[in-house]
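Trainee: Per the numbering used here, the sequence shown starts with residue 1, numbered consecutively.
Heads up, a few of these hints could be off.
Stated by the list, open to error - Pairwise CB distance ranges, derived in the manner of DEER restraints:
(1) 148 - 128: 21 to 29 Å
(2) 149 - 41: 32 to 40 Å
(3) 50 - 25: 28 to 36 Å
(4) 79 - 28: 24 to 32 Å
(5) 18 - 148: 34 to 42 Å
(6) 85 - 117: 22 to 30 Å
(7) 84 - 104: 40 to 48 Å
(8) 5 - 132: 30 to 38 Å
(9) 95 - 25: 15 to 23 Å
(10) 113 - 149: 29 to 37 Å
(11) 149 - 6: 15 to 23 Å
(12) 132 - 105: 14 to 22 Å
(13) 5 - 129: 33 to 41 Å
(14) 25 - 47: 19 to 27 Å
To be verified - Keeping only pairs whose Cα atoms sit at most 25 Å apart, straight-line, the calculated SDA-like set for lysine to any residue is:
(15) 139 - 60
(16) 62 - 130
(17) 139 - 101
(18) 62 - 5
(19) 139 - 28
(20) 62 - 149
(21) 139 - 35
(22) 139 - 88
(23) 62 - 12
(24) 139 - 116
(25) 139 - 71
(26) 62 - 93
(27) 139 - 109
(28) 139 - 49
(29) 62 - 103
(30) 139 - 26
(31) 139 - 117
(32) 139 - 27
(33) 62 - 7
(34) 139 - 90
(35) 62 - 90
(36) 62 - 3
(37) 62 - 37
(38) 139 - 24
Bear in mind the hints are in silico, worked out from the structure with no lab data behind them.
Quantities reported herein were computed from a predicted structural model and do not represent experimental measurements.
By construction, the Cβ of each residue, glycine as well, lies at the ideal position given by its N, Cα and C atoms.
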Amino acid sequence: MAAQRTYTTHPLVLRRVTVRRVHEVTPRMRRVVLGGDQLGPFTRDGVRHPAFAAPGFDDHVKVILAADGDVRAALPAQLPHGVEWTPAEHRLTRDYTPRRVDAEAGEFDLDFVVHGDGPAAAWAASARVGDELWFVGPKSSLRLPEGLDWILL
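Make the full structure from the sequences, and use the hints.
Mentor: This is the structure in structure tokens:
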């Protein structure tokens, strides 16, 4: 019998984090360590949101950027059970897989390829401790099966 992967859905929550550390992994790869109170359970507008979780090896979060620099105008609306992607002419989003999640420390890592002048690459190239970043997700996780001696991906 084939091993099954456990599928979990997560409520979509808009979260604000700040840059805690930046590491140059290679000349073109930058690891940004993000953290903040909104990685734990928190309340916004009277709605309690769960802690951030990304247990799957290939989970992804949607980073929200703004072409005109006004990221708050680009944010989706947080609803009690998800987000509404309102029209935002200058919204830019990019998907990234968390490299490491440390729930105890309240932080996670995103790796950015620093190339050209794309919006995420430009943000990562200029990221400094204290800078803010908004993201949504992951919306689901697909865990690797447990109790196996090996797995072919």
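Trainee: Starting from the hint 15 to 23 Å, judge whether the C-beta atoms of residue 95 and residue 25 obey it.
Mentor: The hinted range 15 to 23 Å holds for residue 95 and residue 25, with Cβ atoms some 19 Å apart.
Trainee: Range first: 40 to 48 Å. Now tell me if the beta carbons of residue 84 and residue 104 are that far apart.
Mentor: violated, 32 Å
Trainee: Below or equal to 25 Å on CA atoms is what counts here, so check residue 139 against residue 49.
Mentor: It holds: about 14 Å lies between the C-alpha atoms, which stays within 25 Å.
Trainee: For the pair supplied as a hint, residue 139 and residue 109, confirm whether the alpha-carbon distance does not exceed 25 Å.
Mentor: Holds, at about 18 Å.
Trainee: For residue 113 and residue 149, compare the CB-CB distance with the range 29 to 37 Å and indicate the outcome.
Mentor: holds, 34 Å
Trainee: Just tell me: holds or violated, for the beta carbon distance of residue 79 and residue 28 against 24 to 32 Å?
Mentor: violated, 38 Å
Trainee: Regarding the pair residue 139 and residue 116, is the alpha-carbon distance no greater than 25 Å?
Mentor: The hint is violated at about 29 Å.
Trainee: Between residue 139 and residue 71, does the CA-CA distance stay at or below 25 Å?
Mentor: Cα-Cα ~21 Å, so holds.
Trainee: So does residue 18 sit 34 to 42 Å from residue 148, Cβ to Cβ?
Mentor: With Cβ atoms ~38 Å apart, the hint holds.
Trainee: If you check the beta carbons of residue 5 and residue 132, does the distance land in 30 to 38 Å?
Mentor: Check passed, 34 Å falls within 30 to 38 Å.
Trainee: Take a quick look at whether residue 139 and residue 27 sit within 25 Å of each other, Cα to Cα.
Mentor: Given pair residue 139, residue 27 is violated - Cα atoms ~32 Å apart, limit 25 Å.
Trainee: Under the criterion that the straight-line Cα-Cα distance not exceed 25 Å, is the pair residue 62, residue 5 satisfied?
Mentor: holds, 23 Å
In summary, the structure is inconsistent with hints 1, 4, 7, 14, 19, 20, 24, 30, 31, 32, 36, 38 from the numbered list given earlier, while agreeing with the others.
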